[in-house]
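Following the hints, put chain Y in place on chain F, whose structure we already have.
Protein chains: 2
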Amino acid sequence: MSVTPRQLANAIRALSMDAVQAANSGHPGMPMGMADVATELFTNHLKFDPLQPKWADRDRFVLSAGHGSMLIYSLLHLTGYARPTIEDIANFRQLHSPCAGHPENFELAGVEATTGPLGSGLATAVGMAIAERHLNATFGNDVVDHRTWVLAGDGCLMEGVNHEAIGLAGHLKLGKLIVLWDDNRITIDGAVSLSSSEDVMARYAATGWHTVACDGHDAASIAKALEAAKADPRPSIVQCTTIIGFGAPNKQGTSATHGSALGNDEVAATRKELGWTSEPFVIPTDIAEAWRAAGHRGTAVRSAWEARLVAHPDRAEFERRMAGKLPADFSLQPYLEGLIANPQKVATRKASEMVLGPINDQLAETIGGSADLTGSNNTKTKGQAPLTADDYSGRYIYYGIREFGMACAMNGLALHGGVIPYGGTFLVFSDYCRAAIRLSALQQQRVVYVMTHDSIGLGEDGPTHQPVEHLMSLRVMPNIDVYRPCDVIETAECWQLSLEKADGPSLLALSREGLPQLRTDISKNFSALGAYRLKPAAAARKVVLIASGSEVEIAVATAAKLEEAGIGADVVSMPSWERFDAQDEDYKDGILPADALLVSIEAGTTIGWERYVGRKGLRFGLDGFGASAPVKALYDHFGLTADKIAPQIIGALTH
Amino acid sequence: MSVTPRQLANAIRALSMDAVQAANSGHPGMPMGMADVATELFTNHLKFDPLQPKWADRDRFVLSAGHGSMLIYSLLHLTGYARPTIEDIANFRQLHSPCAGHPENFELAGVEATTGPLGSGLATAVGMAIAERHLNATFGNDVVDHRTWVLAGDGCLMEGVNHEAIGLAGHLKLGKLIVLWDDNRITIDGAVSLSSSEDVMARYAATGWHTVACDGHDAASIAKALEAAKADPRPSIVQCTTIIGFGAPNKQGTSATHGSALGNDEVAATRKELGWTSEPFVIPTDIAEAWRAAGHRGTAVRSAWEARLVAHPDRAEFERRMAGKLPADFSLQPYLEGLIANPQKVATRKASEMVLGPINDQLAETIGGSADLTGSNNTKTKGQAPLTADDYSGRYIYYGIREFGMACAMNGLALHGGVIPYGGTFLVFSDYCRAAIRLSALQQQRVVYVMTHDSIGLGEDGPTHQPVEHLMSLRVMPNIDVYRPCDVIETAECWQLSLEKADGPSLLALSREGLPQLRTDISKNFSALGAYRLKPAAAARKVVLIASGSEVEIAVATAAKLEEAGIGADVVSMPSWERFDAQDEDYKDGILPADALLVSIEAGTTIGWERYVGRKGLRFGLDGFGASAPVKALYDHFGLTADKIAPQIIGALTH
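Protein chains in written order, with full-length UniProt numbering: chain F, 1 to 655; chain Y, 1 to 655.
Treat the hints loosely; a few may be bogus.
Which copy is meant is left open, so a pair is good if it fits within one copy or across any two.
Here are the simulated lysine-lysine pairs, DSSO-like style, with alpha carbons at most 30 Å apart [as the list claims (entries may be wrong)]: (1) 382 x 345; (2) 616 x 588; (3) 524 x 588; (4) 501 x 350; (5) 535 x 616; (6) 230 x 54; (7) 561 x 644; (8) 644 x 588.
Simulated from the structure, these hints should not be mistaken for laboratory data.
Only chain F is shown next, with the shape it has when bound in the complex:
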């Protein structure tokens, strides 16, 4: 070949430095440093077809060091993806360009995951690698047999989630997962040695990983390391010794190349250093053709795979699952009818386990799990075998005490496709995985968070374990539906809505304590309305009580006291703010009439409930931390009983 690997890599370097320079914003250092490694990977190892970016059995490539986004944009363009075009790249970091500051999975087909929040990409890739092994175990080598590659920087390795992710990957022996570590010894603040002294390779080895090193600027050395990684049955980390900003004669090897444009003078000097004579955004024909040829390697492989898929007995099921469609006959109605016939007073966490029975029976694509709270989160159903290194066909993951790692892995499971992940922890520990929940929402992925012990109702474990602000803090996050069902029926309804939402995550906040079955009407999914009148006023309506979850029972009792006093009171159950906000104004005005005293009851922060009850409404809840005591004592202590609430409402009406 007349075009050398270095020349191919220099095309990445040129596009990266020129795009960052044009935007006067961005991160040239990583793409320039890792260009040689990425070139070897994309030209000789990665299985992909730019003409069919969503080919199910492609290798996944995750740029965990997402700030180096110009690396992936360059690679996608050079290998022949329809987007980004060279104009897209020239508009790097401008409004409406798919070449955003950090790679976004919803902008470009070749971007497998949104990355940028450090560490999350690698942890997400662990989920993709699990999905691959699980589907391989289900559908066989003929249709599922691919690798997951990750490019990670020091930031990805230093973040805590790295520990959780590699612990899980090592334990599950995900041998088709390969991490390319950009070991450039530089962070934003300066040398890595300013803040870290660890032996990264020894740490990975301690966690069950295969380790191998290479000179990240020597194609032969890189190739040898990648072959070793591919051959090893353990997950592999490849230590790629590189120079950040490689090619920039005055700035390379320093943090000055990390997050700023090089400047016109240094860009010119780099052109000279690299022997790159083209204008910005122009790729010499021979180099462009060599890249296209490398990109089209995969077409024949993909065609052969398609032939195998056509012949596969489970083709329809595989395609359904990869398309993310539920079976046409999926239904929870028989289960609901059983509840009407035989009402249940159970905790909603138990109700969740109950409805997961028919869900897991009907949906072969669900993969459950918990961050070491299986018996508390009630996430495991009978017949769910564990997914282990010995048997990847299992459908339950013991994630260990790794909330953030679990949530990232669930994102990866969902992004890979073919599975629907759900996983549990206590609601208060949503704080541990909040950054991943946000990425579920931003990436529009169907991940179901099963968050139990959702209030002071958990009792004795006390304030560290009692969520107060968590419901509200999750409701303000874009693109996630937060549900807090009040009984066994609503729990099933909310589960159904969560499964049907293919373009975003849902979170179920569930009680530890038993709750009566309040619903008698299952003629439609009332939870889909977000809020609805559970019990209409008997006397002339003066009050509307709005509650969620475990406090709906209290609202019902409060309404009874008000009605005894001749005050008509609606009880509105509001399992979901997001769903209610999506209703039309007439419906909303009907639920929250202007001529009634509006009252919210929820065992959490009252800040925010003004949205529905207004500045003059009453808000019952708690705005400080909880306490350690049995549940009944706590509700009484914090004034959340009908006996304490009803007189205040009566008082407000008579003033």
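Only chain Y this time, still in chain F's reference frame:
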């Protein structure tokens, strides 16, 4: 001694199983498993004086595995602390007992940190150990020379924050930090091997730690390991091989002992097994006396220390700092006067760096840092030398890419006392350390979070880096003051308030982009009011514009357009919801008059602003994710300009 170590340990076991049984709630397994280790530590190694629990030079003991709270309650009682009494213990997990489900630093003097959220205690202890070395470097061996001990379980080690914490501790060579790992091979879901295969000791060694092992039920073996740990210049982890629930003949060694009462039968069987014949909550006299004697070991040591302190030339400064009092003459007024004389248009992150100059000059107790964003967070001032393993006297910590570890360490710095920690990251990455921020608030510690790049105003980095929901999600957290100053003056005011709040954390949300100096009046700290009229209406007031941070400038421009149209508009700057909510009703009604259209402008979620503008007010912001583009393009795209806002207000007034 006629009383054996095992008998002493059995007192812990008896109190623990009996208290959990009485409450029918709690975690007996860990206290029973680690009783022998804890006995060796408290009777022969730990430096403390139950008569002076807050003695500054005591060893710190952090029960990171906080669910085993009966261990520390037993130890405090047995060694002679005033609280908990035996009645407190008998009321374990009941309302108003200081023996809460998880240990709370504000309930008992001997509880050094609130623990329970796994991993956080160990990471907090790292901060305590840093504080110790720093104060040692400042005040010398005579007054500061103590160890920090941690008892951690598998959960603490598996959590991601463990990686961050031990990386920092290993890098800083915190040789006086010793972790006792309760290696019982059991988690809630079952065997550790269900979810983890890592070689923990190898991982710690890879991070610069000294490792040593012992039989956790053999006093001599434990003693030998503790001596080895004390002698090594590196931080140490002691692998204590134990049996969870040791002594319960039918349940020990299983997860059944972890989080539930043993049951009356098993409690009786355990009494027999241990040869413990006393009734519940009765300690045999000889054992009680032996424990008291062990507890009073420290009194002479403490007396000698007090004599040294009295003779120390910097005694007054040491005592001031340990008391957490700012110098009486601390003042930012000269700095503010300089700004009035010479106004500055700077980003508020830069304004923060500017005011940190006089702060760090006047307050020797501040210790700054950043999670590898020093130049972006503007957290380092001239003259701040780094705190390193070679020189602990430095006042700036390069925390590395470890947001959660940083925040936990700051909690530990504050809990230790003698220092005031502040540290930075991007506001969006508050998600990474949110669990620690909550612990700052719950523990009532003075930690200042410097969170920059506080909106879409950061521009090109795009939605992964643009906080939208973060301000609101932090405002709903109890006991933290969230500030979003609008200019260089407010930034100084908010810093002053943060430093003066000794009983809780503060968070400063700061802009990346330059903002004009809007304030001209420095006659008092207006930010202390939370919200105030920055610019009163000129024409008859019909509108009140309420904004924070970078949007105050937009509110001012919007008001100008309204006034041009003859519509009087107040501009209210609202740097802090918490401060405003604390004002009296008259003041609040004056700022938010009932007869005006109330309008909020903030580049974040609009959900929640109904609190001030009501259901009928107007709320400008963004309720979806941001985008990648230059800042001006983004504000225009999301409609946050005076040109786009003013017409909508005029429209609302005329309908």
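A quick look at each hint next to the structure:
In the homo-oligomer, the alpha carbons of residue 382 and residue 345 lie at most 30 Å apart inside one protomer (21 Å), although the nearest pairing across protomers, at 64 Å, exceeds that limit. Both within a single protomer and between protomers do residue 616 and residue 588 lie at most 30 Å apart by alpha-carbon distance, with minima of 18 Å and 14 Å respectively. Taking identical chains as interchangeable, the C-alpha atoms of residue 524 and residue 588 lie at most 30 Å apart only when both belong to the same chain, with a minimum of 18 Å there against 45 Å between chains. Taking the closest pair of Cα atoms, residue 501 and residue 350 come within 30 Å of each other only inside a single copy of the chain (22 Å); across copies the shortest separation is 43 Å, beyond that limit.
With identical chains, the CA atoms of residue 535 and residue 616 are at most 30 Å apart both within one copy (23 Å) and between copies (27 Å). Taking the shortest alpha-carbon separations for residue 230 and residue 54, only the intra-copy value of 23 Å comes in at or below 30 Å, while the best inter-copy value is 57 Å. In the homo-oligomer, the alpha carbons of residue 561 and residue 644 lie at most 30 Å apart inside one protomer (11 Å), although the nearest pairing across protomers, at 49 Å, exceeds that limit. When the C-alpha separation of residue 644 and residue 588 is checked against a cutoff of 30 Å, the pair qualifies both within a copy, at 28 Å, and between copies, at 28 Å.
This entry satisfies every hint, going by the numbered hints stated previously.
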